[in-house]
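Each chain is listed here by its residues.
There are 2 protein chains.
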Amino acid sequence: MSVTPIREGQPPSLQPMMSLVAEDMNAVNAVILDRMQSKVALIPELAGHLIAGGGKRLRPMLTLASAALLDYPGTRHHKLAAAVEFIHTATLLHDDVVDGSAMRRGKKAANLIWGNPATVLVGDFLFSRAFELMVEDGSLKVLKILSHASAVIAEGEVDQLTAQRRIETSEEEYLAIIGAKTAALFAAACRVSPIVAEASEEAELALEAYGRNLGVAFQLVDDAIDYTSDEDVMGKGLGDDFRDGKMTLPVILAHSRGSDGDRTFWKDAMQGKRVSDDDLAHAVSLMRSTDALADTLEAARSYARRAIDALSIFPDSTARKAMAEAAQFAVARAY
Amino acid sequence: MSVTPIREGQPPSLQPMMSLVAEDMNAVNAVILDRMQSKVALIPELAGHLIAGGGKRLRPMLTLASAALLDYPGTRHHKLAAAVEFIHTATLLHDDVVDGSAMRRGKKAANLIWGNPATVLVGDFLFSRAFELMVEDGSLKVLKILSHASAVIAEGEVDQLTAQRRIETSEEEYLAIIGAKTAALFAAACRVSPIVAEASEEAELALEAYGRNLGVAFQLVDDAIDYTSDEDVMGKGLGDDFRDGKMTLPVILAHSRGSDGDRTFWKDAMQGKRVSDDDLAHAVSLMRSTDALADTLEAARSYARRAIDALSIFPDSTARKAMAEAAQFAVARAY
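First to last, the protein sequences are chains D and S.
All residue numbers for the first sequence refer to the UniProt record's numbering, where the first residue is 1 and numbers rise by one.
All residue numbers for the second sequence refer to the UniProt record's numbering, where the first residue is 1 and numbers rise by one.
Heads up, a few of these hints could be off.
[Claimed, not checked] Here are the computed lysine-lysine pairs in the DSSO-like style, where the Cα-Cα straight-line distance is at most 27 Å:
no.: 1; chain 1: D; residue 1: K141; chain 2: S; residue 2: K141
no.: 2; chain 1: S; residue 1: K144; chain 2: D; residue 2: K141
no.: 3; chain 1: D; residue 1: K39; chain 2: D; residue 2: K107
no.: 4; chain 1: S; residue 1: K39; chain 2: D; residue 2: K267
no.: 5; chain 1: D; residue 1: K144; chain 2: S; residue 2: K107
no.: 6; chain 1: S; residue 1: K144; chain 2: D; residue 2: K39
no.: 7; chain 1: D; residue 1: K144; chain 2: S; residue 2: K267
Rather than coming from a laboratory, the hints here were simulated on the basis of the structure.
Just so we're clear, the structure is a prediction, and the values are computed from it rather than from any experiment.
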């Protein structure tokens, strides 16, 4: 994957994209801080724990980078980028309840501090706020894209729940799930900017494709990293997916390529009957011997390449280079 | 409270309003059934449990009755009434998780059958679908009102959570909470119709006031009934609020009017230290001896009266009579 030149002698990074949008991101952060306020003190307290807790702000960054790519001179994308981040934050809060997460972004998960009830409700609040921001912007087309993306995300999350602990889950089912739960918001985040910039439909679809493929690449790598990295890198526990019985691509490949004995191990593990550290180590060794991890990353590389190729309709620019490098980064962080 | 004549010799009922909107409600039910579908089978299964489980469909009914009051000849309100019901259903699903409810509308609560994760996520799905329906309708004004109402509902729910088990909660705080968590959606449900009917701002504000006051009246009566009724009437368990330590008006009044010993009882009870059936019986007897229940209903009557008076700008009609009787019904069902 070397479709576009990357900065010489350095590993791919998000830095160029972050520099590209730094000023806009300050404006977005101001909107986020302003609009997460409420006279109900628990709301900014709980929301702030996650929002101030960092995270890459990747999705709003994509909205901003897409606007930069199109030389959009306005500021409408600031509110919309904040709306995208609020939708994402709401889903993270609900995910914490759904997964019973212990850690999120290197900090104790909100539900462990404030409990499930407050976590669910503050998620609802942020979700509503996201729509209020979009309504203030006033584009029905943007509202359509983001309300649809939100419904698709929820569908993907329920679908993932249905697939959980179900060893028969196929690669196709898995790709449909991550396309919905992760890639739909990446795609929508990118698509918002050509709409407010009144760019061509071709530009809109190209940025949609960039975001969608990038989202799939990120999720594939996340799912691999869950078996290979340590807590410092992930900001959540190594092997969480393993213990939760999440049917991710590394598991699907290792299971389908395994011996009868290996398949019994995977079935038991996904059903929660083998969740010790030794079991996890055994799982990783099976993933390595079957090339399940390598092929998951290979798939991620292919989606990242498609993301980069989707940008080919745009003239070469700093923004295009930064967005291409972000796609390379999506994969490179696994190594 | 006899501002408008009710049908002679019969207790106030929702029947006239139900008859008024019966045909429109069939159309709304068709939208609801159609739009709760998803290729993810668990979604219609879980959503259908609650939606098919009945409930009065009170909020969409208010949208339809308001349209009838204005002689609105179109059909735009059907989708919007369905959106209102989806928002309500989403909050009920999330409430079940928040409260750990055992019963809802006389059936086992969804979270006890499908678990908290699926219940949270299907709520998110319905909430997103509500916005998709509004976007399809295309009125930014309606979107603004309902996205704001959604944020206010979430704020009210978090506020209620903060007040839970906090014996110091004042009547004013309580009224702010139910104004947000309940009355905001009643108000928005009524306000949608004058917008699509392009009625005057005066009509819009009058219907907003009708809905808001009606919502407060309903909630006050619900909060009284929780101490006086039985499971058949409520569709949820008698004394649930008591065991959850919910600071509702009957508790606030009985506590503030009680002796030192009574106050200790209430404090302990709200903190979950006195939750037996005997404790509940004692609570009810204290509420009766301090007139806390009677005065809660008196407050409800006053809000219902304000709801009815808000309709006075409209000419007398079957619709206006039906809406007034609905407000009387809100209170009468306590007896």
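Now the hints, each set against the structure:
The straight-line distance between the Cα atoms of K141 (chain D) and K141 (chain S) is roughly 15 Å, inside the 27 Å bound, and the hint therefore holds. Between K144 (chain S) and K141 (chain D) the alpha-carbon distance is near 15 Å, which keeps this suggested pair within the 27 Å criterion. Taken as a hint, the K39 (chain D) and K107 (chain D) pair is honoured in the structure, with Cα atoms around 25 Å apart against an allowance of 27 Å. Pair hint K39 (chain S) plus K267 (chain D) holds up; C-alpha atoms about 26 Å apart against a cutoff of 27 Å.
With a C-alpha separation of about 35 Å, the suggested pairing of K144 (chain D) with K107 (chain S) is violated against the 27 Å cut-off. In summary, the hint linking K144 (chain S) to K39 (chain D) is supported, as the alpha carbons are separated by about 20 Å, within the 27 Å threshold. Simply put, K144 (chain D) and K267 (chain S) have alpha-carbon atoms about 49 Å apart, too far for the 27 Å limit, and the pair is violated.
Checked against the numbered hints above, the structure breaks hints 5 and 7 and satisfies the rest.
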